[in-house]
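2 protein chains.
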Amino acid sequence: MIKILVDCFGGDHSPQAPVAGALAALAANADLHLILTGDEARIKAELAGKAYDAARLDIVHAPEVIGCEEKPTDVIRLKRNSSMMKAIILLRDEDDIAALVSTGSTGALVTGALVRLGRIPGVIRPAFCPLLPTMDGGIVGICDSGANVEVTPAHLRQFAIMASLYLENVYGVERPRTALLNVGKEAEKGDDLRREAYRLLQETPSVNFLGNMESRDLLSGAYDLVVADGFSGNVLVKTTEGTAIELLKKLRKDIYSRTRYKLGALLMKRMFREEKEFMNYQNYGGSVLLGTSKVVVKGHGSSKAVAVEKCIGQAYRMETSRLSAKIEAEIAKYEHYEDYV
Amino acid sequence: MIKILVDCFGGDHSPQAPVAGALAALAANADLHLILTGDEARIKAELAGKAYDAARLDIVHAPEVIGCEEKPTDVIRLKRNSSMMKAIILLRDEDDIAALVSTGSTGALVTGALVRLGRIPGVIRPAFCPLLPTMDGGIVGICDSGANVEVTPAHLRQFAIMASLYLENVYGVERPRTALLNVGKEAEKGDDLRREAYRLLQETPSVNFLGNMESRDLLSGAYDLVVADGFSGNVLVKTTEGTAIELLKKLRKDIYSRTRYKLGALLMKRMFREEKEFMNYQNYGGSVLLGTSKVVVKGHGSSKAVAVEKCIGQAYRMETSRLSAKIEAEIAKYEHYEDYV
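Here the protein sequences line up with chains A and B, keeping their order. This note's numbering applies: residue 136 is where the first sequence begins, and numbers increase by one. This note's numbering applies: residue 136 is where the second sequence begins, and numbers increase by one.
If you're looking for bench data, these hints aren't it; they were derived computationally from the structure. Among these hints, one or two may not hold up.
Footprint (simulated), chain A over chain B, 3 or more residues, beta carbon under 8 Å [unchecked claim]: (1) 246-252; (2) 342-352; (3) 362-370; (4) 401-407.
Selected chain A positions facing chain B (in silico; Cβ < 10 Å) [said to hold, decoys possible]: (5) V200; (6) G202; (7) K206; (8) V284; (9) T287; (10) I390; (11) R457.
Quick reminder that beta carbons are idealized off the backbone N, C-alpha and C, glycines included.
One chain only, chain A, in its complex shape (with noise of 0.2 Å):
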């Protein structure tokens, strides 16, 4: 049996979405175990007359709710009973508790994550990997995202070990084409991080390292996995979901101006609808934090039910495929990155 903790707040539709799409989880795996941590009586309202394995769920009771402004360090000392910091002690203190999902705030969850769960032996720096789909209808990762604005060149190697390690077990891409975000494709490009990262990324058998990449090829196909510092990261993930949900908002509103391209966009109903698809995020997971001790998986504060229900499942197979031992054995082949801590 797989245990996975469940954060029911937290998120902009909580608790309905955490509590259906963990309904949903459990309804595909018969070896899934869910606890859903929030206010006890609104999750149970959200239960009510739906069918499931009662066996398999249970619900811990955590009334406190973390506001949106509130600062991560005064989260984990303050909000104990909040429903992400519970999940987090529990995480932590029960050995056979595999995992946790939230939608709640990005900056509590990883502040709480690294200072209560703490690290994979020999991981410096945990950090984020979100996915993004390829025009090629496959998917891009990026490592770090935002977990961690300050890097060095050994952070990034590790970011590539760790992403690779988690797209070969969990997705099954074989030997991830990984890139170095850079600001152009020549090995002396950026400032001494990437030219330093350029280098050790060579010497790294583990990484099937091709090479710079500039922004502007993320989407193309030719990558699986770009590795970055968590602040360029951050803006190259945003960018490219801001870009494309601007994009649609304005075909949208173009193709009410005129009768005739309303008649048109008619006929390509189907078609609006699959790239609509194709471009929300929901659908291609959470951001997994590669590196903690215990498996943690933040889903998007806007996540409804089925983007929750995914990011359980890619915590189940982030835990079944037991990627943190394979991470542990795999960071340990490299000795000398204490040397650029």
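With the hints as your guide, set chain B onto chain A.
Only chain B this time, still in chain A's reference frame:
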């Protein structure tokens, strides 16, 4: 008479596009005088049979070609007879020449301009400021987008001051609404650089500072100017361009997958053409280098004639609006910047 140099080699469509763009600009502005640099015979071949005011057009022979793999520092030392370096030296030495437009190597242009031209008094680091279209029909400037991969808070403040003056004087944007690119909206987000820059910008009356911006809001129309280090600014601009291009390519491909969609697209032909034009960055001019002692405009390598013409127009308006003098005066109001260099 405003004298502007046009580097006719180095771009993808050289020398056709620069020469045709130059002739269009010449026809549109009676007080414009252009000096074309590059292989004289090839430029003359392009000019053959075309009507223009020969009294306002000169050619300076510069036969050497810069390869795209050449190191900028080698180029400025060894390629003095290239169309770009010859233009930079003329710009430096001839008082009556106001500006240079080039579609050649960005690295060589920045390095050449910094080393040979020097800076406006008080400016610590010149920076690029390209423009992108916003979804409400406006524009947004991004400064820096790649001239400085490593910056200090004082640099970021100067970028904000210079680019605000540029948008006001060349595009008529009053009190440009300015944001700092960051990983979240709150003042304490990001690293020390962002937090200190946030504080400095708040204390800068020359800048209409609205706070931090997350990259997904770039195209929303809520901002006229985004200030960034050259690395993440580069990621911001290229990701936006790349995502727009890839999405349009996908739409086109999907349209051709079914007769029904092709029919629909036929009705929407004009709309799709307009979307394509809307997202074509060539329509928004080049990336100006702000802070060098004389005006430098970098056109996209893929610039066609109309894009080169727009770059010349930008250089012309930067000169006629006396932008450099205004930058010098405004920068001088902030005495203590040296503390942060």
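> Can you name, in rising order, the numbers of the hints this structure does not satisfy?
Replying inline: 1, 5, 6, 9 and 11
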